[in-house]
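Asker: Whenever a hint applies, use it, and build me the whole structure from the sequences.
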Amino acid sequence: MAEQHAHAHAHHHGEKHTHISRGTYYRVFAALMVLMVLTVAAWWVEKNLLEIPGWLAVTIAMSIAIAKTVLIVLYFMHVKISSRMTQVYAAGAFVWLIILFVITMGDYVARGWPPQAGPLP
Amino acid sequence: MSTLSLPQSSYIRDNSRTFTDWLKSWLLTVDHKRIAILYLLSINFFFLLGGLAATLVRVELITPQGDLMSSDVYNRAFTLHGVIMVFFFLIPSIPAVLGNFLVPLMLGARDLAFPRLNLLSWYLYMIGGLFALIAAVFGGVDTGWTFYTPFSSTYSNSNVVMTITGAFIMGFSSILTGLNFIVTIHKMRAPGLTWFRLPLFIWANYATSIIQILATPVLGIALLLVVVERLWGVGIYDPALGGDPLLFQHLFWFYSHPAVYIMILPAMGVISELISTFSRKRIFGYEFIAFSSIAIAILGFLVWGHHMFVSSQSVYAGLVFSFITMLVAIPSAIKVFNWTATLYKGSISYRTPMLYALGFIGLFVIGGLTGIFLGVTAVDLHVTDTYFVVAHFHYVMVGGTIMAYLGGIHFWWPKMTGRMYNETWGSIAALIIFVGFNMTFFPQFILGYLGMPRRYHVYPPEFQILHVMSTAGASILAIGFIVPLIYLGISLRKGAIAGDNPWGATGLEWKTSSPPPTFNFDKTPIVTEEAYAYPPEAAERDAAAWRPGSPL
Ligand code: HEM
Ligand SMILES: [Cu+2]
Numbered sequence: 001m002a003e004q005h006a007h008a009h010a011h012h013h014g015e016k017h018t019h020i021s022r023g024t025y026y027r028v029f030a031a032l033m034v035l036m037v038l039t040v041a042a043w044w045v046e047k048n049l050l051e052i053p054g055w056l057a058v059t060i061a062m063s064i065a066i067a068k069t070v071l072i073v074l075y076f077m078h079v080k081i082s083s084r085m086t087q088v089y090a091a092g093a094f095v096w097l098i099i100l101f102v103i104t105m106g107d108y109v110a111r112g113w114p115p116q117a118g119p120l121p
Numbered sequence: 001m002s003t004l005s006l007p008q009s010s011y012i013r014d015n016s017r018t019f020t021d022w023l024k025s026w027l028l029t030v031d032h033k034r035i036a037i038l039y040l041l042s043i044n045f046f047f048l049l050g051g052l053a054a055t056l057v058r059v060e061l062i063t064p065q066g067d068l069m070s071s072d073v074y075n076r077a078f079t080l081h082g083v084i085m086v087f088f089f090l091i092p093s094i095p096a097v098l099g100n101f102l103v104p105l106m107l108g109a110r111d112l113a114f115p116r117l118n119l120l121s122w123y124l125y126m127i128g129g130l131f132a133l134i135a136a137v138f139g140g141v142d143t144g145w146t147f148y149t150p151f152s153s154t155y156s157n158s159n160v161v162m163t164i165t166g167a168f169i170m171g172f173s174s175i176l177t178g179l180n181f182i183v184t185i186h187k188m189r190a191p192g193l194t195w196f197r198l199p200l201f202i203w204a205n206y207a208t209s210i211i212q213i214l215a216t217p218v219l220g221i222a223l224l225l226v227v228v229e230r231l232w233g234v235g236i237y238d239p240a241l242g243g244d245p246l247l248f249q250h251l252f253w254f255y256s257h258p259a260v261y262i263m264i265l266p267a268m269g270v271i272s273e274l275i276s277t278f279s280r281k282r283i284f285g286y287e288f289i290a291f292s293s294i295a296i297a298i299l300g301f302l303v304w305g306h307h308m309f310v311s312s313q314s315v316y317a318g319l320v321f322s323f324i325t326m327l328v329a330i331p332s333a334i335k336v337f338n339w340t341a342t343l344y345k346g347s348i349s350y351r352t353p354m355l356y357a358l359g360f361i362g363l364f365v366i367g368g369l370t371g372i373f374l375g376v377t378a379v380d381l382h383v384t385d386t387y388f389v390v391a392h393f394h395y396v397m398v399g400g401t402i403m404a405y406l407g408g409i410h411f412w413w414p415k416m417t418g419r420m421y422n423e424t425w426g427s428i429a430a431l432i433i434f435v436g437f438n439m440t441f442f443p444q445f446i447l448g449y450l451g452m453p454r455r456y457h458v459y460p461p462e463f464q465i466l467h468v469m470s471t472a473g474a475s476i477l478a479i480g481f482i483v484p485l486i487y488l489g490i491s492l493r494k495g496a497i498a499g500d501n502p503w504g505a506t507g508l509e510w511k512t513s514s515p516p517p518t519f520n521f522d523k524t525p526i527v528t529e530e531a532y533a534y535p536p537e538a539a540e541r542d543a544a545a546w547r548p549g550s551p552l
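In the order they appear, the protein sequences are chains A and B. The opening residue of the first sequence carries number 1 in UniProt numbering; numbering runs sequentially from there. The opening residue of the second sequence carries number 1 in UniProt numbering; numbering runs sequentially from there.
Worth flagging that the hints you see were computed from the coordinates, not collected in a lab.
Computed far set for chain A versus chain B, every beta-carbon distance over 12 Å:
(1) Tyr26
(2) Leu32
(3) Met33
(4) Val34
(5) Pro53
(6) Ile60
(7) Leu71
(8) Tyr75
Computed beta-carbon distance windows for the label pairs:
(9) A:Lys80 - B:Ile446: 54 to 62 Å
(10) B:Lys24 - A:Ile20: 35 to 43 Å
(11) B:Trp26 - A:Met77: 30 to 38 Å
(12) A:Thr18 - B:Leu27: 29 to 37 Å
Since the structure is predicted, the reported quantities are computational estimates derived from the model, not experimental observations. C-beta: ideal position from N, C-alpha, C; glycine also.
Answerer: If you want it as structure tokens, here you go:
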């Protein structure tokens, strides 16, 4: 009786349904492989075929990388089917990553401000 | 519970027949209290090692000439000291020992949420430590605990990779502890234990855990990239390969400034417990103390550039970091004011833990305020990389974290072991430590201000007197650390039986027996009141009951 109760409880408790099918895993894996091929292809094109300006090359590489990350985080790391609290924490990690990037880039962008060497006039 | 004998069954006792069984029961335990004891022993071992390295440094500095060791050996000595003290003592100290022991007890839980991860975290700590020790035995490292590039990545010929691997592995142990605490605090509070009834030690550890899981991975990556560049020549930090040495400082301090709060926040949590208990008063401004922990955890992530004012970081970034650094001081100050207000009209008893708590407040104020000096760019240009900085961070790390660690060990010693330590010796040791500490580190403020650079072992003769004072103080400090080892050791056999609640403190950990049974509580406690629920007249009653000569 008690066991039955615990079982029912577990079902109610899962905030969302808690399962990713095997098929989905395979599809995500395939998508990741495609993205990997894209990464290598982009590098190859830049090296052998076209002059791509730096900012564009970085944007392309970053976009592919972000797509991969999103897939892994949502499906392989189960964030898609996790509780709200887990999702908040996962999102928090990215907020922190943005802090790291934005403030660090703030330094790089501002190098050479003010332009004159030595103390300000 | 009787106070004449230790409880029949507790987490320390077990019925293993042979020595190997007994050893297994400890090394494979998933009991958070036993893991805390494992951590206590191993962390204190590393503290001893770090102390030995410090002794080398201090002895060398007695004379202005470099006569005891070469510059190269000196570099390795202070690096060993820094690496061991920061990564293997201060960062794990309070969370892994006191936090592991107390978080489930204070929450009214049977254990942490992931007992096996907890054990894994201890093993990772030990493996990381082993790497660091091997690196030290086979010649050591000479980069300083900060592993700055391009020296660490390109030029240094010491065991950089080995040491970095050790720090990297230890980082995972820290992450696992943080993860465990966060889940436990969210999920395993006893019925009725709402967020605003939690002891402030729990809030502090929660804030610490956030830092541990969000910052430590960045250190891991930064260090891993040094290894990658050293071993395979991938250009990350070396300009010749298209890298940027300053990138390392950004990544390193993105972790290491928050890491100083990994060290101090749990310490502040301990102090809140001690101040309230030994003033017999509710803590003043509970919510402010709780939220200032969270504010410190968040703001602490925005100020790392104050370690880079002279690093060729842009002037603009320096100004922004300087400004935000001023903001961090606010939540720290809030805590100090609230503790002081708690003392006001309290019935203060100068027991050993309270001596440490009061010492903490004074020393932390000096350490924090000199941090503000350093956060002002114009002042920092003058004193950066001098002994002023060394004095600043020892005031916060030794005067703050170690004082709280020792205060906490004494306060919860009866809970951990079931026995009382010798109060007289306890107070004597606390005073020795306070005097020795100030004598060691106060002269360093002056030295630094006069221009004594850090990390040099040859210096102008006019600095000698201050250096000799500092070394003399360090010897006193060392005695102060050894005395507790002795009387705490003796108390394990001879100490008076403590009983469940020797201090008359509030908090769930005092409601179970000392030492607690394996699953902490015979019956899950139900919480109906706030933390520190001393009745309003408790302090007056306590003061009225005071007998001359009684320490309590
Ligand atoms: C109250 C707020 C604090 C402020 C405003 C502050 C500010 C600073 C600044 C500006 C520096 C850089 C000095 C330089 O290298 O020129 C510094 C160094 C340092 N601080 Fe603090 N600090 C504070 C609290 C703490 C705490 C609580 C700890 C540790 C528990 C700590 C540990 C350190 C360490 C280890 C260094 C030196 C790192 C190194 O270069 O090896 N600080 N602090
Ligand atoms: Cu800092």
